[in-house]
Each structure stands twice: as C-alpha cells, then as structure tokens.
Amino acid sequence: MHSLIILATFSLYPFLLAVGVFAITLLIAMYSTYAERKFAAFFQDRLGPNRAGPFGLLQPLADGVKMFMKEEIIPSVSNKFLFILGPSLFMITSLMTSAVIPWGPSLTIGGEKYALQVADFNIAVLYLLGVVSIGVYGIMIGGWSSNNKYALLGALRASSQMISYEVAMGISVVTLIMLTGTLSTSEIAAQQHGFWDDGWFTWNFFKNPVTFLIFFICALAETNRTPFDLPESETELIGGYHTEFSSMKLGLFLFAEYINMFVSSAIMALFFFGGYSYPWMDKIADPNMQAIVGVLVMFAKTIFFIFVFMWIRWTIPRFRYDQLMNLGWKILIPFSLINLLATGLGMYFLGKL
Amino acid sequence: MQPLTTRAKQVVNKEMSFIEKLYLPAILGGMRITFSHLFKKTVTISYPEKKRPISEVYRGMHVLKRDDKGAERCTACGLCAVACPAEAITMTAAERKKGEEHLYREEKYAAVYDINMLRCIFCGLCEEACPKEAIFLTDRLVPTEFERADFVYGKDKLVEGVEPQKRIDVSKRQTTEVLDFKKNLEYAHNKTWDPNKSIAKKKSH
Numbered sequence: 001m002h003s004l005i006i007l008a009t010f011s012l013y014p015f016l017l018a019v020g021v022f023a024i025t026l027l028i029a030m031y032s033t034y035a036e037r038k039f040a041a042f043f044q045d046r047l048g049p050n051r052a053g054p055f056g057l058l059q060p061l062a063d064g065v066k067m068f069m070k071e072e073i074i075p076s077v078s079n080k081f082l083f084i085l086g087p088s089l090f091m092i093t094s095l096m097t098s099a100v101i102p103w104g105p106s107l108t109i110g111g112e113k114y115a116l117q118v119a120d121f122n123i124a125v126l127y128l129l130g131v132v133s134i135g136v137y138g139i140m141i142g143g144w145s146s147n148n149k150y151a152l153l154g155a156l157r158a159s160s161q162m163i164s165y166e167v168a169m170g171i172s173v174v175t176l177i178m179l180t181g182t183l184s185t186s187e188i189a190a191q192q193h194g195f196w197d198d199g200w201f202t203w204n205f206f207k208n209p210v211t212f213l214i215f216f217i218c219a220l221a222e223t224n225r226t227p228f229d230l231p232e233s234e235t236e237l238i239g240g241y242h243t244e245f246s247s248m249k250l251g252l253f254l255f256a257e258y259i260n261m262f263v264s265s266a267i268m269a270l271f272f273f274g275g276y277s278y279p280w281m282d283k284i285a286d287p288n289m290q291a292i293v294g295v296l297v298m299f300a301k302t303i304f305f306i307f308v309f310m311w312i313r314w315t316i317p318r319f320r321y322d323q324l325m326n327l328g329w330k331i332l333i334p335f336s337l338i339n340l341l342a343t344g345l346g347m348y349f350l351g352k353l
Numbered sequence: 001m002q003p004l005t006t007r008a009k010q011v012v013n014k015e016m017s018f019i020e021k022l023y024l025p026a027i028l029g030g031m032r033i034t035f036s037h038l039f040k041k042t043v044t045i046s047y048p049e050k051k052r053p054i055s056e057v058y059r060g061m062h063v064l065k066r067d068d069k070g071a072e073r074c075t076a077c078g079l080c081a082v083a084c085p086a087e088a089i090t091m092t093a094a095e096r097k098k099g100e101e102h103l104y105r106e107e108k109y110a111a112v113y114d115i116n117m118l119r120c121i122f123c124g125l126c127e128e129a130c131p132k133e134a135i136f137l138t139d140r141l142v143p144t145e146f147e148r149a150d151f152v153y154g155k156d157k158l159v160e161g162v163e164p165q166k167r168i169d170v171s172k173r174q175t176t177e178v179l180d181f182k183k184n185l186e187y188a189h190n191k192t193w194d195p196n197k198s199i200a201k202k203k204s205h
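Residue numbers (our numbering), protein chains in the order written: chain W, 1 to 353; chain L, 1 to 205.
If you are wondering where the hints come from, they were derived from the structure by calculation, not from laboratory data.
Treat each hint with caution, since some may be false.
With a straight-line Cα cutoff of 25 Å, these simulated PhoX-like cross-link-like pairs (lysine-lysine) come out [to be verified]: (1) L:K65 x L:K155; (2) L:K172 x L:K155; (3) L:K40 x L:K21; (4) W:K330 x L:K51; (5) W:K330 x L:K9; (6) L:K9 x L:K69.
All values derive from a computational prediction rather than experimental measurement.
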C-alpha cells in the first residue's frame, strides 16, 4: 500500500511540476503587467495603478476581468479557424519554452530524486530555439487571418524582425554551446555551480560578456520589447498584428508577450548568470536547503532581468525600421560571427578545448 | 549672438567616434537618468483624498445668496444674463405674492434661474454685474455628471440654504470697493444690512 502511494506520487510528479511551473509562469506574467505599469509610473515620477486593492495589487485581476468581459469580435472577412489559432499558438509556444528551464538542482525526499525541471533532455537548447521560432507563426497567422492591412503590416514586421534577430541569437547561442560543450540546459546550469572556481568566475557572463550582450539585444527583439517593439507600434500601426483582436484573444497576445519576457529573462539568468547557483552555495550543508535557496535565487535573477527589460522600455525610444534591419543584419550578425571566431581562438590558445 | 539659455550646445556635424557609434555609453547614460527617477518624489496628487490648494478668490460653482432674514436676494433684473459672455444664464421673473415676503426680498423675484455649467466659463462677470449681491462664485467645484442636461443647474442647486449652517461664506470674494459701497446705507438694498452682524465687517479691519 505504502509503495503504491510512492509510485503514484512519483508518476504524478512531472505532471504536478508542469502545472506548478505553468501556474508560476502565469502568475509572474500577470504581475509583470502590474510591475510594468508601476515602474512606468515610477520612472516618470507618477504613482501608477493604486486603486484596486492595497497598492493596486488587484489591478491584474481587474484587467483580466475586463479582458474577459469585452465583446468577442471575429471579423466577418477573416479566416475564423486561423484567427483563433494565431493567439493560441503564440500563447502555447511561449508557455512551452518554460519546460526545459531548470529552476533548481534536484530535491531528494525519502530517497527519491525530484528534478526541478519539467523535461530534462540533452538537446534542450535546440528545443528552445525551435519553440521560439514557432512563436513567429502565431503572430504571422494572427496578422494574416484578420484580413486587415495594418495587422498584416504588423505581422510582416514582426516575423521579419524575429527571423532576422534569430540568426544573431542562434550564433550567440552557438558561441555559448562552444563554451560549455553541451546542449543540455541542466548541464549548463550545473557547470556554473557556485561563483568562483579555479581562479576565475564560473558564470558564463564573466567568461564571455560579448555573447551575453548579443543575446540580450536579440532577446529584446525576439520578445518585441522596446526599442524593438515595431510590430505593434501603436503610434504607427494602430497596434500591429493584434489590431483586429478583441477580448481574451487580444489578452492572450498581450499576456504571451509577458510570458515570453519572463522566459527569456529566465534563459538569460540560466545561460549567463549561473541559473540557480549563487556565491558560497556549498556553505549550506543540506542539499535540499541549498536547492530551495537556489530556486529563490533563480527567480530573483529572472525578476531582475524582467526589471531591466522594463527599465529599457521606459528609457529608449523605438528604432526606425531600416535602423532595426541594419542593426540586425549589418552589425549584430557580423559581430556575433567575429565573437564566435574570437571565442574559438581564445579557447584554443587557453587550452580549454 | 548671445544664447538664450546656459544649456545651449553648438551643433557640430563631425563624424562620431567608435565608442559613440556603439551607442552603448549613451544608452547606459539614459538608463542612469531614468533609474534616478525611481527615487524622486512623485508629482501626483491623489485627488479625492488630497486636494491642491486653491486661491482664496477661486471662481468655482455659483451660489445665489439669501439675505440675513433668509429671503432670496435675486430680483431677476437680468443684468447677470446680459453680462454673461458665454450666455449661460437664463431666468424667468415672477411677481411676489402677499405672504411671500419672508421668501423673496424684493417685489420681483426669479421663478426660474438656470446656469448652464457647460457653457459657463467662470469669469465672474455675473457677480460683478449683480446690483443686489445675489450671485457669487464660490470655491466649490462643479461635479461631473453623465448627462448634459444635468449640467443645467436650477435654483434647487444654486440657492443657498436658509439655516445658518447651510449658508455659504462668500466674504473672501467681496472686494474693498464692495465693502465701502455697503457702508452707504441710503442705497435701497443696503437698508436691512447690519454692519455689526455681517461677516463682511469682520473682514474689513
């Protein structure tokens, strides 16, 4: 009987973890919208939303209720199936990326090992790149199916921007893979264990800051955040690819963007800033305690990057479209190729190969 | 030519250096500036809870005054309507019946007195034109409504209450000229005015 319960919980565990990660992702994305508005206000010497609940903390709920209550309009000239598929696909892909992120080292309870990662497989980095690329389909399908020229323009802008910056992002990830020698995200996190080892920092940022810079710029472009928010540029395109969307379908688009932001922040924390590792983590004797603190540290790093995303949004104006393409193709791609080469040479001469 | 401000910068069309072309120092500089704003005092005033201080002679919602005995001062002469540049004031005059002396001060009174608050520009010319000291602008604000018709204020909203606690203090809006004029007791509408009782007396010294 007892062993049956253990068996049941063990086989149920990945499902529970996946649901838990989804819930946390959605919660953080929800409160990112609140934080976005609050920080926007603070950066502009205002107060921000403060009427719904204490400090306006119930504002995301109010926004959500508003989104659900709005009239659901499907344009008569649109392709209905694709019109619904677009936002769903965008939402699904942005949620899928969180599956391969190790939120902490595994917990050991009653002799059983519980990994804090929904799916730990050896080509997780490729999976990440693949799923991120599918996200373009959501935008493109949504923009095209609404049969509106502004939506189509926005969708075209979005897809060409995302495809352009995926190249530079891919090359910077290749540099990272070269540095770490693995495609597994849990392996990348484990390699950056602690903070200082063997006379140098263990975190990848200190090993190759240029790669991080390229990755960060590409992440901004991939998530359609300022200064790369041309796809939806309200002032020029009335909202871009989600012009025709209303109610929760619009909500899904807007919400998926915040999930993207959360996930790419988590990926940056994981790839370059040690993931769940923190200085002097080996001083904590109990491995479970060490893992729990690690999870908190991982979330703290992620939230810091979300803050940086917002910080940038309220500082830098939007690019012009030709400037965006120039930066992507003429600067970032050559730069990341040179970086790849330099990293390779550096590793060769330092004898790290 | 002398520059207008000390912050004026000469525009130079020189080629940017490599560091400048990277834009990263400039972006970081901008981010430093925005970050410093996180710690600055907010300029927001949470309105219904906290109110911005207003002038002592603020020109807000009108009041139709009663005299010391509680009779309406307005005699429906129409001078305020003539003076009004926005043509916001309309009125209908009526004759006072016997036994209404406690309600209306003069033989003629305004049966209907409407101010359209959407037209009104709160210039205070009605107040200046009024020979009976019947209309004054106060420091009260006109509340928002959902219907345009609700902004046409009738006597029910404009006339002050009879009870002392419902009276509206307009002593700050009475200029020294008005106060001097009030001392001429020979003018008809000053006859019942008692300089010792009025709040205006307290202000005059």
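Hints versus structure:
For the hint linking K65 (chain L) to K155 (chain L), the alpha-carbon distance of about 11 Å falls within 25 Å, and the restraint holds. Of the pairs offered as hints, the one joining K172 (chain L) and K155 (chain L) holds, with about 23 Å between alpha carbons and a cut-off of 25 Å not exceeded. For the hint linking K40 (chain L) to K21 (chain L), the alpha-carbon distance of about 31 Å lies beyond 25 Å, and the restraint is violated. For the hint linking K330 (chain W) to K51 (chain L), the alpha-carbon distance of about 55 Å lies beyond 25 Å, and the restraint is violated.
Simply put, K330 (chain W) and K9 (chain L) have alpha-carbon atoms about 32 Å apart, too far for the 25 Å limit, and the pair is violated. For the proposed pair K9 (chain L) and K69 (chain L), the alpha carbon gap of about 69 Å is over 25 Å, so the pair is violated.
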